[in-house]
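*Asks:* Those protein sequence lines, which keep their order, are chains A and B. In this note's numbering, each number is its position in the first sequence, counted from 1, plus 337. In this note's numbering, each number is its position in the second sequence, counted from 1, plus 7.
Hints are computed from structural coordinates only; laboratory data are not their basis. Some clues are possibly wrong.
As the list claims (entries may be wrong) - Examples of chain B residues lying across from chain A (beta carbon under 10 Å, computed):
| # | residue |
| --- | --- |
| 1 | Phe43 |
| 2 | Val64 |
| 3 | Phe72 |
| 4 | Arg73 |
| 5 | Tyr289 |
The C-beta atom is built at its ideal place from N, Cα and C for all residues, glycine as well.
In case you want the letters, here they are:
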Amino acid sequence: MCDSLTFFASAFGRTALALPVSPCQSVAEWGALRGAMRKTVPAEFTRDEWAYLMAFLAPENLQAPFLEAFGDPVVPSGDCKGAVSVSRLVRPRGVVAVWLPNNVSLLGPLTLILLTLTGNRILLKGGSRSQDLTGAFLAFARRHLAPGPLRAHLEQRVHLEVFAHGDDRQRQMIEQADVRIVFGSDESAAAIHGGAPPLRGAGFSFIDRQSQAWIEVGAATDEVLSNLIRVFAIYGQAGCTSPRRVVLLDGTPAQAEALRSRMLELWPQVLRFKPPIHVASGNTMALQWAAALGWDAALAVNRHAVIGVGDLTLQAIDAPMFLPICPATPEEAVRQLPANMQTLGHAFLDPADPRWLRLAATTRIKRLVPIARMHHFGPLWDGQRFWSQCFEEIEVQL
Amino acid sequence: MSSLLDRPPYAARDDSGFLAEMQRLTHHHLKGCADFARIWPEWRGAGAVDELPFLHVDLFKRLEFRTGSDDLVHERTLRSSSTSGSEASRIVLDNLSSRLQARSVLAILTDMVGGHKRPLLVLDDARALRQRGVVPARVAAALSLSPLATGIHFLLSDTNNPASMKWDLLAEVLASGGDFLVYGFSSILWFAWAAGDKPENVRDLLRGKRIHFVHSGGWKKMEALRVDRAEFDGALTKDLHEASRVVDYYGLVEQVGVVYPLCEHGARHVPVWADVLVRDPYTMRAVEDRPGQIQLMNVLAHGAPYHSVLSEDMGRVAPGECPCGRSGKRFELLGRMPHAELRGCANV
Chain A
338 MCDSLTFFAS
348 AFGRTALALP
358 VSPCQSVAEW
368 GALRGAMRKT
378 VPAEFTRDEW
388 AYLMAFLAPE
398 NLQAPFLEAF
408 GDPVVPSGDC
418 KGAVSVSRLV
428 RPRGVVAVWL
438 PNNVSLLGPL
448 TLILLTLTGN
458 RILLKGGSRS
468 QDLTGAFLAF
478 ARRHLAPGPL
488 RAHLEQRVHL
498 EVFAHGDDRQ
508 RQMIEQADVR
518 IVFGSDESAA
528 AIHGGAPPLR
538 GAGFSFIDRQ
548 SQAWIEVGAA
558 TDEVLSNLIR
568 VFAIYGQAGC
578 TSPRRVVLLD
588 GTPAQAEALR
598 SRMLELWPQV
608 LRFKPPIHVA
618 SGNTMALQWA
628 AALGWDAALA
638 VNRHAVIGVG
648 DLTLQAIDAP
658 MFLPICPATP
668 EEAVRQLPAN
678 MQTLGHAFLD
688 PADPRWLRLA
698 ATTRIKRLVP
708 IARMHHFGPL
718 WDGQRFWSQC
728 FEEIEVQL
Chain B
8 MSSLLDRPPY
18 AARDDSGFLA
28 EMQRLTHHHL
38 KGCADFARIW
48 PEWRGAGAVD
58 ELPFLHVDLF
68 KRLEFRTGSD
78 DLVHERTLRS
88 SSTSGSEASR
98 IVLDNLSSRL
108 QARSVLAILT
118 DMVGGHKRPL
128 LVLDDARALR
138 QRGVVPARVA
148 AALSLSPLAT
158 GIHFLLSDTN
168 NPASMKWDLL
178 AEVLASGGDF
188 LVYGFSSILW
198 FAWAAGDKPE
208 NVRDLLRGKR
218 IHFVHSGGWK
228 KMEALRVDRA
238 EFDGALTKDL
248 HEASRVVDYY
258 GLVEQVGVVY
268 PLCEHGARHV
278 PVWADVLVRD
288 PYTMRAVEDR
298 PGQIQLMNVL
308 AHGAPYHSVL
318 SEDMGRVAPG
328 ECPCGRSGKR
338 FELLGRMPHA
348 ELRGCANV
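Put together the whole structure using the sequences plus the hints.
*Replies:* Structure below.
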């Protein structure tokens, strides 16, 4: 039922959004949770991850999906008046099911937060053999949110299950879902969507992708390089939105080496902690592996990462904390883009230059964002507006 | 060839002789192995063992190193027994190194279990031998004991199934004498022998027999089972002759030829043709006063640069002399470096 009607207006007309909890209420309650988050970091999260989650819960971030999907709010929420001139009613589809992979990054909690704003019942399937950030965040939120509609929603309408392949709950989850969101391998996504009733629901697959950072020589400020260190270090090559390669556009090998030297200098100012010893050891290995393959490789302080300089055509190494810097022309960089490219993080001298839009138009990249925003999850992901698809739209003429 | 191998394994150390041999060997690998030379392009010489180049152990899972030289013939590839689904290490063996490695292992194990020959019982499947050109590490470890054997008997019909013990074969061999050598991976030795459901006739035949059990492969599974060393050894030697012993040794495929048995006082001794350093994982500085990452060296590896390997095991150099009487350096093995899976987006 219509617990809350909120009205929005855009150039396409007026929209009534019918939700069990008003958007303002949800946004405010999530925002208030940050007070408790400042005091406690659950053991499952690194400090960087926790800080990122807190920033994500800022009201302006959580309001953005509504504004983008429906336009500007036109009347206060909370009653069913003001229906005149509404041309569409938007309501939750019903059940949104999300499959999260093992050891998933912050994408799990971020997806959960965004989906709670849609008013749907949420079924989450967590990874079966590793630490679960989504479950940990859900537990934290249930424990620390003030009593209110959002907390009740999380307690009563959000369900997290962990089960192994072949468990019957998998089939039940697929059958119940009006929207299926699958993070994982191509095979998992195909299996889940393939098992769904053919005439029901929408499916979104966020499968194996990789990202790059492109920097123009004159745009490599200390701020840009510090952001690059931050976005890379949080997940290394394991994150689909982490840069697996830095392309120094129209740079020379000497300029790439100089860029690397500046990053190595900045590293201890940006990241003041030692990595776990297995990361340090893995980077000792990565340094040697990269050198054997012809990379000019160097270690960041405390063996936190290995930064290599080399040609775009050099064989990359599959080491979690290896970041290659390759000088190349934009044309060469485009030719070497992988087929599963996701985010292109940029530091362009003139981001307004139309050639960057043409780049996005003619390649398979899914996101073109500043380097600092590479990990920023949102309602538009991998080229799909999955968040707005969690609603059903009803044509209304009153 | 190394003159150090002519000495008893735990004699007084000749550190300058060891360093000189390691320097020669390192130059040999720099000249004959392009990958190794690319990794250590600026190395010219070492004033001490901690300045010698090394390769990280996991690199042998990524690259197949090979040092070319006129007098070397590369024969087979030794492959680590990967039990966790990870990639296996590949060590290319050559004629010269294989001879040196066989001498080394024999000398070390003779020191621990005696040099007389007796039947060798191996807790593995004989079919593991039949892979052309590739030797699984487990088989290589078992065969390193063959110079001490009058005959070799493989007791499993399935390498991966400790329940596939050939009890009839064991009974037949036990009936033939009173003194035996048994080799197996630690966990297999536990499941198949110590905790195995032995038939009555085998239990009777075992009574009073003198058996030296030699095992390797790590203690991780035993820890998971909450089986400690005393329980493990006690279960194996129950009802046997009092001279029976259990010898646990530490070794890496990437350091084939040198093993580090645990002495009766809980130390792992370093033979004179090898050396062990403990390094700080962040600075790579050699440390003696605290735990760190173990680096293993030996003068035996000619066909590929596995003469100096940085392991992912943690350890500590032990100070002073060992009450067991063996001289030279010794160390304590603290276990594998703790690992955590990196988070990602599609890691299923």
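*Asks:* Please go over all the hints and tell whether each is borne out by the structure.
*Replies:* Outcome of the hint check:
{"no.": "1", "hint": "Phe43", "result": "holds, 8 Å"}
{"no.": "2", "hint": "Val64", "result": "holds, 8 Å"}
{"no.": "3", "hint": "Phe72", "result": "holds, 9 Å"}
{"no.": "4", "hint": "Arg73", "result": "violated, 12 Å"}
{"no.": "5", "hint": "Tyr289", "result": "holds, 5 Å"}
In summary, the structure is inconsistent with hint 4 from the numbered list given earlier, while agreeing with all the others.
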